[in-house]
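Asks: Chains Z and Y, in that order, give the protein sequences. My numbering puts the last residue of the first sequence at 325; the count rises by one with no breaks. My numbering puts the last residue of the second sequence at 350; the count rises by one with no breaks.
For the record, the hints were derived by calculation from the structure and aren't laboratory data. No incorrect hints appear here.
Under 8 Å between C-beta atoms, here's a sample of chain Z residues computed to sit facing chain Y:
id	residue
1	Thr88
2	Asp99
3	Ser103
4	Val170
C-beta: ideal position from N, C-alpha, C; glycine also.
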Amino acid sequence: MSLLEIRNLKKHFPVGEGWFSRGKGAVKAVDGVDLTIEEGETLGLVGESGCGKSTLGRTILRLIEPTSGEINFLGKNLLSLSQRDLRTARRDMQIIFQDPYASLNPRMRVGDIVGEGLEIHKLAKGKAKRDRVMELLHQVGLRDDHYDRYPHEFSGGQRQRIGIARALAVNPKFIVCDEPVSSLDVSIQAQIINLLQELQEKLRLTYLFISHDLRVVEHISHRVAIMYLGKVVEIAKSDTIYRDAKHPYTRALLSAVPIPDMSKKKERVVLEGDVPSPVNPPPGCTFHPRCAYREAACSQTVPPLEFSADGHGVSCHVFGPGKRP
Amino acid sequence: MASTSTTTLDQATAAADSGGLWADVWSRFKHNPIALTGFYVVCVFVFMALFADFIANDKPYYTQYKGQSHFPILRSYLVDLKLAKWPAELLNVDYKKLDGATSIFPPIPFRPSNISLLEPLEPPSARHWFGTDKLGRDVMAGMVHGSRVSLSIGFVAVGIAVVIGVVLGGIAGYFGGWVDLVISRLFEIMLSIPTFFLLITIAALLPPSIFLTMFIIGATSWVGIARFTRNEFLKIRNLDYVTAAIALGVTDRKVMFKHILPNALAPVIVSVVLGVAGAILVESSLSFLGIGVPAELVTWGSILHEASTTTYAWWLAVFPGFAIFITVLAYYLVGEGLREVLDPRLRGLR
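Please model the complete structure; the sequences and the hints are all you need to start from.
Replies: Written out as structure tokens, the structure is:
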């Protein structure tokens with residue numbers, strides 16, 4: 001059984017507030033996503049900003065209540081849990097944030113930030129708690145004397161380490177990494193990525209790694225899912241995506257990744273137009289207005305996410321499995 | 001990139017102080033001379049209220065009588081606490097008329113309760129610096145002791161308002177949705193009630209009491225605090241560290257009070273300081289109208305009330321009126337100064 005199974009997950013944010021604007025429509029941030037994540041793997045989730053990847057990550061953890069769908073985590077349907085049971089279940093699933101400046105409470109000491117989870121779930125108290133927090137700090141590359149300091153005394157990279165230690169404190173099985181390195185310097189990005197990989201091996205963690213940067217995802221992920229306008233359009237093993245992308249959108253994304261090797265000449269796919277509004281997505285395949293290969297069917301029916309034998313899923317009428325090579 | 005610039009700023013603040021926000025606030029508040037003046041004036045009034053018995057009292061600090069030393073003011077505290085008794089020769093004596101006693105009196109050797117019918121409505125003189133009222137009571141002594149009423153009404157009323165305001169505002173901002181909708185409508189209903197007339201009505205129906213006055217002022221003046229709290233909670237609730245706490249499984253109540261409230265206090269504190277000024281004004285107005293606090297309690301407003309019937313006794317109007325003006329102004333200056341210091345747009349960052 002997979003660690004996490006998501007079926008037809010939807011999150012629609014109603015547009016406009018108040019009594020009179022009901023039924024005006026909704027931002028379809030997550031619009032029918034199916035995903036499975038196996039234990040110990042890292043699933044990269046890539047897409048442009050505003051495509052719903054962060055919303056998906058938070059909806060999986062029920063930090064945002066989904067509109068509909070099913071989330072099976074460790075064999076339990078998360079959406080059927082009461083608030084109380086959900087709080088208990090949160091031990092197994094944690095999140096690491098993008099902005100290390102907003103993710104730590106400025107009024108709490110590092111030791112209390114990291115130790116809070118231990119207290120909540122009654123994992124350790126007093127001296128044992130202090131020891132465990134110290135151990136966690138060491139694990140993420142911080143020192144003992146950081147225990148009594150406040151977040152503003154740390155750099156961005158160090159803060160991100162504190163955020164990781166906080167997530168690890170409760171021994172989670174699954175961590176949503178919501179663009180954990182996007183706001184860091186490139187040199188520090190590598191450190192944090194390596195730390196995350198190290199921790200994964202040591203603690204058998206499972207990651208959902210959200211990013212808009214394909215290079216970062218390539219490095220850390222076992223499989224990669226590409227999201228466009230609230231839907232997963234392509235999902236495959238990491239090397240398959242980079243070698244043999246099928247969906248025109250994935251190919252456009254890949255062609256935008258700069259390659260430091262000057263001798264490699266690459267074909268550049270430039271997308272026309274902007275991302276359509278998620279309030280009113282185009283009919284059929286949501287990507288069709290920007291697609292160079294569109295056919296008649298593309299504006300009519302939504303292409304299902306179809307899988308080939310090796311687990312490469314594509315949602316495209318033209319390049320889907322068993323269609324054009 | 002935004003985060004790079006905050007990094008340097010952040011490290012600069014980090015180097016400057018590790019005492020957190022309040023050390024930082026004070027260091028910048030210090031550089032605002034107007035607000036600092038207001039702060040010192042408030043301190044003087046607080047000092048006056050706390051030590052009113054040592055500033056204006058008909059008992060001496062020290063008296064030597066029949067070869068024995070006494071400390072009557074200190075002893076009066078002990079007697080009030082039932083820890084001591086007055087010696088027979090000093091029970092209910094007028095120290096000023098005590099034969100053969102050498103006494104050191106406070107600068108104002110009267111209590112507001114010292115009625116002296118022989119010297120009613122005396123203008124300011126060396127004996128009565130701020131004059132006397134109809135019953136010959138010393139106005140300055142009344143004002144010194146009256147500052148206790150102003151101060152305690154200000155703080156207790158605002159304390160009540162803070163509890164109601166922070167809880168309701170916090171709930172509205174944290175839970176949002178229909179909870180917010182209902183509570184926000186409640187704010188609007190409260191705002192549309194004319195507080196002062198409500199106070200007058202209640203004061204007319206119930207016997208005058210200082211606690212009732214405190215309670216009514218508090219129970220009607222929380223809307224401003226509640227709105228500030230709601231807005232802050234609404235903002236902070238969506239920050240990542242709150243999401244992180246929820247993701248850890250922290251209960252709603254703990255998220256509200258441990259993670260959000262300490263970070264939402266800044267604007268609340270400003271409205272608290274301004275609220276104290278408002279409460280002092282309301283109490284003075286009520287006393288001026290002759291309702292609110294019991295008649296035997298001398299307050300700034302009740303001295304003003306007397307001035308309204310004896311218009312030629314200017315000292316009854318000018319001194320307490322000026323005291324109210326100065327106190328309220330001082331609180332406003334402190335409030336404004338704090339607002340400037342705490343405003344995140346004027347602040348580097350926390």
